[in-house]
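Peer 1: Residues per chain, in single letters:
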Amino acid sequence: MALENNEIQNKLTQTFGDKVRNFHQERDLFSFEMDAEINTAVILFLKNDDALRFNFLTSLFTIHFPDDPDVNRQFAVTYLMHNWYENKRIRIRTFISSEKPEIKTISNIFPAANWMERESYDFFGVDFKGHQQLKRILNMDEMISHPMRKEFPMEDSGRTDKDDRFFGRTTINL
Amino acid sequence: MSELLLPPEHRYAKIIKERHNEDGSELSILNLGPTHPATHGIFQNILLMDGERILEAEPTVGYIHRAFEKIAENRPFYQITPLTDRMNYCSSPINNMGWWMTIEKMLGVEVPKRAQYLRVIVMELARITDHLICNSILGVDTGAYTGFLYVFQFREKVYEIYEEICGARLTTNMGRIGGFERDWSEEAFRKLNVFLEEFPVAWKEFENLFERNRIFIDRTVNVGAISAEQAMAYGFTGPNLRAAGVDYDVRVAHPYSSYEDFEFSVPVGKSGDTYDRFCVRNAEVWESISIIKQALAKLPEGPYHADVPDYYLPPKEDVYTTMESLIYHFKIVMGEVPVPVAEVYHSVEGGNGELGFYLVTDGSRTPYRLHFRRPCFIYYQAYPEMIKGAMLSDAIVILSSLNVIAGELDA
Amino acid sequence: MVEPPEGIVGEGFFATKLNDVVGLARANSLWPLPFATSCCGIEFMATMASHYDLARFGSERVSFSPRQADMLMVMGTISKKMAPILRQVYEQMSEPRWVISVGACACSGGIFDTYSVLQGIDKVIPVDVYVPGCPPRPEQIVDGVMKLQELVKSESVRRRSSPEYQELLASYNIK
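So the protein lines, in turn, are chains A, B and C. The working numbering applies: residue 529 is where the first sequence begins, and numbers increase by one. The working numbering applies: residue 853 is where the second sequence begins, and numbers increase by one. The working numbering applies: residue 582 is where the third sequence begins, and numbers increase by one.
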């Protein structure tokens, strides 16, 4: 018998109460939200529960919502998990503050999360507490800012050949 | 250049200091990469070696980080396809099709059967070329250059088919939202049929060259083995996972583009070692050939693209002659057409595993966030674990059998 | 076969300029160092493989050691993280050395106009021949090599010790 959405929902709400909420079907993904401080507990529960068995971490990434008025909801760490036995995917989202983006690591539950978390740290500056080796992965170690944040410009600021004068963007051509 | 050397406070320095071998020999540090003939693509591994044995490895990636995800946030949907080409450049059509399917899922576009079948054909061709390069390069790394030179000719043949379909060789930028830019020409089908006749003969020879070859077997069996549990924990997908004995394949688990219409088996290995990875890829090539043949036999007549004038570019003749089409063309390319606010995840079975696209839109002309689930990036982190205790030359073979593509890894 | 340079032919001897002979010899035995990072590297594989066969132009031996190479072929995106390594490879090559920049990314950054990508390798090392394309076809890469051969043939043997050349290297801070 296939794993039903409401079965997952019931199990989760029984265990975690109102710390998990906003269950809904987003296209073909069953999704819900959880509090940031119980992330490891929820992921472990989803992985180890005999009925749920979400054995595979498909992906982990962060989304930046700088326009959200609530400063505690400006970073969304998103986990995609997959139950291979029942072939069921699930999306778990947790919001964290942009002033102090912190969340516990899950790299001790899924080794695969190790580099995904480092990537999130590199791109957004999310601090994964308890991570073995949280340092930049794709960008240079010397970089100060976190480039995937919305305020960071895509283009290299140090470019000289994109002089506005050559594109007719200035009124005075010196 | 001092910044390229290892700093003295590095943990390896401590290990070297503390460890004393019985015969008085010392441990050494070897820097493998980022430019090394055997690291296809650019990765750096700082190895701690005891003679020829690797004790520990510390990988560094990001040497061709091109900020795909950042660019994608600044480009309309049609302009993101060229980026997907350049991710896994050994099999760009799979990336292209995966991206189109993600957008179609977001927009709710129904693609006609003919276009779906044509997509299957081109994706399986791409899978053949991907596995072909991986396996033949594995041959090169074990000392057999012949296999590479022999089968690479057939990659050229596939390039010719791509050229008939879309005009490009390697970075194809193939297709449109809802289907293809044009129907396939007679010539494309002719070339495809010639390929299907000639390639299996050559591939059989290639297999015979390696599969029972004493040297090759000695170099690959029990080298870089990974258990199924470990592979799953490390997020392996694709041929590398199947070599460890897990039959997870996105084409079967979540069939897309009418994969459910075709009969094919998912080859699995047993021990997850380099030889099994080689054999699984070989077997997958045979399955791909069979899928292409089935798709050609069952190829339905009908339109080659969905009827979605809001998203499908109008034909070029109309763009040059009529006002409306010109406006539409401009609007679509510049992303001035309405898109829903949505979040979708779509994954396809890429050359290396589950290639996923997580797309967040806010109704504007560009994606709000686009995350690529790049299989290479995720499974390459198991590499230090896999080469622990292996010989240096084994590390090279393991790396090429994993088929790590730098463009996909670093994004 | 190549055409002999201009000179005086007599009974048992052939007299010509040293420049021409050295140029001829250098141009037809350019050992490439493929610095392949991404997509263009795959097209370089195609160029080296049996169909296009770069070996016909005297570049049979692919040298992965910079010390034994004459022609640095930079293929693919060079990120800012990679730039110092590219520079170090260039510095390790012995004179005379030439550089071909293959593909849009190496020439100008290509479509990757981002914070992490070096906008053209000529920011860090001098380049002799640019091959455009994303990626260029093997024919184009072969054409680039032939263009370089023309350059090499006509290069004076004294060029590498000329003050102009020293100035060029100094402008890149290369010793």
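I should point out that these hints are in silico values taken from the structure, not numbers from a laboratory. No residue lacks a Cβ here, since even glycine has one placed at the ideal position from N, Cα and C. Some clues are possibly wrong.
What the simulated footprint calls covered on chain A by chain B, stretch by stretch (three residues with Cβ under 8 angstroms from a Cβ of chain B suffice, anywhere in the stretch; the number is not a length) [to be verified]:
no., stretch
1, 533 to 543
2, 546 to 558
3, 566 to 580
4, 615 to 625
5, 664 to 671
The list that follows gives simulated cross-link-like pairs (lysine to aspartate or glutamate, EDC-like), each with its CA atoms no further than 16 angstroms apart [what the hints assert, rightly or not]:
no., chain 1, residue 1, chain 2, residue 2
6, A, K678, B, E910
7, A, K678, B, D902
8, A, K663, B, E910
9, B, K866, B, D902
Peer 1: Which of the listed hints are not met by the structure?
Peer 2: Going through the list in order, the structure violates hints 1, 3, 6 and 7 and respects the others.
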